[in-house]
Amino acid sequence: MADEHWRHLTGLDPHTLDQLMAEYGPTVWNYAFLIVKNRAMADDITQDVFLKVYRRFGEFRGESSIKTWLLRITRNISMNYLRSAFFRRVLLVDRIRGGASGASAEEEFIDREAANEVWRQVFRLPAKYREVLVLQAKYELNVAEIADILDIPVGTVKSRLFAARRRLSAMLSEEGLLHEAT
Amino acid sequence: MKRPDFDWDADLSGEPLRRRMFTPELAARIRAAAEAEAFRQTGAKTAYLRRVMHFCAMTGCLAAAFLLAMHLNGLTPVNPAVRGSSGEMEAVTVGEAESARVSKPAAEPSAAYPSAETSDDAARTRLSTLNVLEPSEVWRILFDQSYPFSGLEMLFGESVGDGRYLMVSSKITTKDDSLYGEVSVNLFVLKQDGWHWESRMSYTLPGYLRFGESRVLTGWFSLTPEEHRIDIFTGFLTDPDIAAIRVVDDQDGVYEAKLFPASGGVKIWFARTPERTNRRYKVEGLDWDGNVVYVEYLNWHSMKKSE
Numbered sequence: 001m002a003d004e005h006w007r008h009l010t011g012l013d014p015h016t017l018d019q020l021m022a023e024y025g026p027t028v029w030n031y032a033f034l035i036v037k038n039r040a041m042a043d044d045i046t047q048d049v050f051l052k053v054y055r056r057f058g059e060f061r062g063e064s065s066i067k068t069w070l071l072r073i074t075r076n077i078s079m080n081y082l083r084s085a086f087f088r089r090v091l092l093v094d095r096i097r098g099g100a101s102g103a104s105a106e107e108e109f110i111d112r113e114a115a116n117e118v119w120r121q122v123f124r125l126p127a128k129y130r131e132v133l134v135l136q137a138k139y140e141l142n143v144a145e146i147a148d149i150l151d152i153p154v155g156t157v158k159s160r161l162f163a164a165r166r167r168l169s170a171m172l173s174e175e176g177l178l179h180e181a182t
Numbered sequence: 001m002k003r004p005d006f007d008w009d010a011d012l013s014g015e016p017l018r019r020r021m022f023t024p025e026l027a028a029r030i031r032a033a034a035e036a037e038a039f040r041q042t043g044a045k046t047a048y049l050r051r052v053m054h055f056c057a058m059t060g061c062l063a064a065a066f067l068l069a070m071h072l073n074g075l076t077p078v079n080p081a082v083r084g085s086s087g088e089m090e091a092v093t094v095g096e097a098e099s100a101r102v103s104k105p106a107a108e109p110s111a112a113y114p115s116a117e118t119s120d121d122a123a124r125t126r127l128s129t130l131n132v133l134e135p136s137e138v139w140r141i142l143f144d145q146s147y148p149f150s151g152l153e154m155l156f157g158e159s160v161g162d163g164r165y166l167m168v169s170s171k172i173t174t175k176d177d178s179l180y181g182e183v184s185v186n187l188f189v190l191k192q193d194g195w196h197w198e199s200r201m202s203y204t205l206p207g208y209l210r211f212g213e214s215r216v217l218t219g220w221f222s223l224t225p226e227e228h229r230i231d232i233f234t235g236f237l238t239d240p241d242i243a244a245i246r247v248v249d250d251q252d253g254v255y256e257a258k259l260f261p262a263s264g265g266v267k268i269w270f271a272r273t274p275e276r277t278n279r280r281y282k283v284e285g286l287d288w289d290g291n292v293v294y295v296e297y298l299n300w301h302s303m304k305k306s307e
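Heads up: the protein sequence lines correspond to chains A and B, in order. Here my numbering is used: position 2 in the first sequence is 2, and no number is missing along the way. Here my numbering is used: position 262 in the second sequence is 262, and no number is missing along the way.
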């Protein structure tokens, strides 16, 4: 559905909420998961995002695209989850019988379910590199939009993008999937 | 196959995971929560109107009772010292007699005669105290409103010390030949105005467990603060040869796990240890004859802090 449609809405009802979720549900879930790397938490964050949007859709002024607006909300809520007292208090171990390597269930899940080797390596990048790279490559945002979502200067976005690409290239080279950069 | 540098941009334009994780069930859960919230907001408005009407009615009753008392006993409002028994006040509304009897100096007549508003507040305070819901009931209400179609099942609840209560729930689904599910531990804390849903911890099946595969899967949470630390062990059991599971600490404390049958031939197990500072545990599986046939060691090094 075109952005124009969402710009003219002043609020959501259950039907338009369904439409919004059908269109952007996977976008929100995937972005939340890329930040927190935990399925249950990504579910909860996705619910919080759409509930917040349902309550406060009137705050969407159409200055950015609906996708950028949703991504910004998703990022804020994800960061709140990561910072929350509950998450700091809880120590979690999800060990699998025979899993002597100590890989968590979520890490095993990513290894098994990542769409391809590039994504698998992206999940292994540090969070600050992972985010900028995904926002640019996957969500096709420009540097200014990424800076807006992450609330950091444009210059920082550029330097992180450069570092992220260099690091990912190195990781893919180590895996034998990429020629050394010339 | 090796590829030229930066060719991988195209790979990132697609979805990061093979499977679509934003499921119709999750969408239904969100929609139900949104509708429940809208319902609650409507209910809050109704409740506000009800409170206003209740307040007006109570004020009227108080005034009527006060006039009646004056008429029967010849009391006058300018001499509060004669109201020692305050029996007539007790007859007015439940819950305000105590506040009406609070000793106040006779020189403060306005305080000795509580206003209708004060009485109303006292009654409401009393009622809210009396009507504190059990955490299981709170959980059920929240659960029913928020996740009516989620498929989550409440397993059991238990008190874990002063003002803390755990509710354990699970969800198991089967798709093709794989099992999916989670076991959740909900922590409730008793505060001044009743029980509050404090936090939820979940252990999710890794997703590759095949139907009929014999496994013991262990999740381990720790509830803090450290001085009241509780270690919680929970997980999934699909091994039919294991009849019981227990957790043994490094001081030979043995804690039998509760087992709950779920769908797909899966059992959910749950055990917790009391407030101690142990860092080493082992999980043992016992066969039908009581022999230990499975051991998994959990220690400080196997615990990691979630990032």
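It should be emphasised that the hints constitute simulated quantities derived from the structure, not laboratory data. One thing to keep in mind: the hints can contain errors.
[Stated by the list, open to error] Which chain B residues face chain A? A few, computed with CB under 10 Å, are given here:
no. : residue
1   : 156
2   : 157
3   : 158
4   : 272
[Unchecked claim] Computed cross-link-like contacts, BS3-like style, restricted to lysine-lysine with a CA-CA straight-line distance of at most 30 Å:
no. : chain 1 : residue 1 : chain 2 : residue 2
5   : B       : 258       : A       : 52
6   : A       : 128       : A       : 37
7   : A       : 52        : B       : 282
8   : B       : 191       : B       : 175
9   : B       : 175       : A       : 128
10  : A       : 52        : A       : 67
11  : A       : 37        : A       : 52
12  : A       : 52        : A       : 128
13  : A       : 67        : A       : 37
From the three backbone atoms N, C-alpha and C, an ideal C-beta is built for every residue, glycine too.
Verification of the supplied hints:
no.	hint	in the structure
1	156	20 Å, violated
2	157	19 Å, violated
3	158	18 Å, violated
4	272	14 Å, violated
5	B/258 / A/52	38 Å, violated
6	A/128 / A/37	13 Å, holds
7	A/52 / B/282	43 Å, violated
8	B/191 / B/175	42 Å, violated
9	B/175 / A/128	35 Å, violated
10	A/52 / A/67	15 Å, holds
11	A/37 / A/52	22 Å, holds
12	A/52 / A/128	25 Å, holds
13	A/67 / A/37	21 Å, holds
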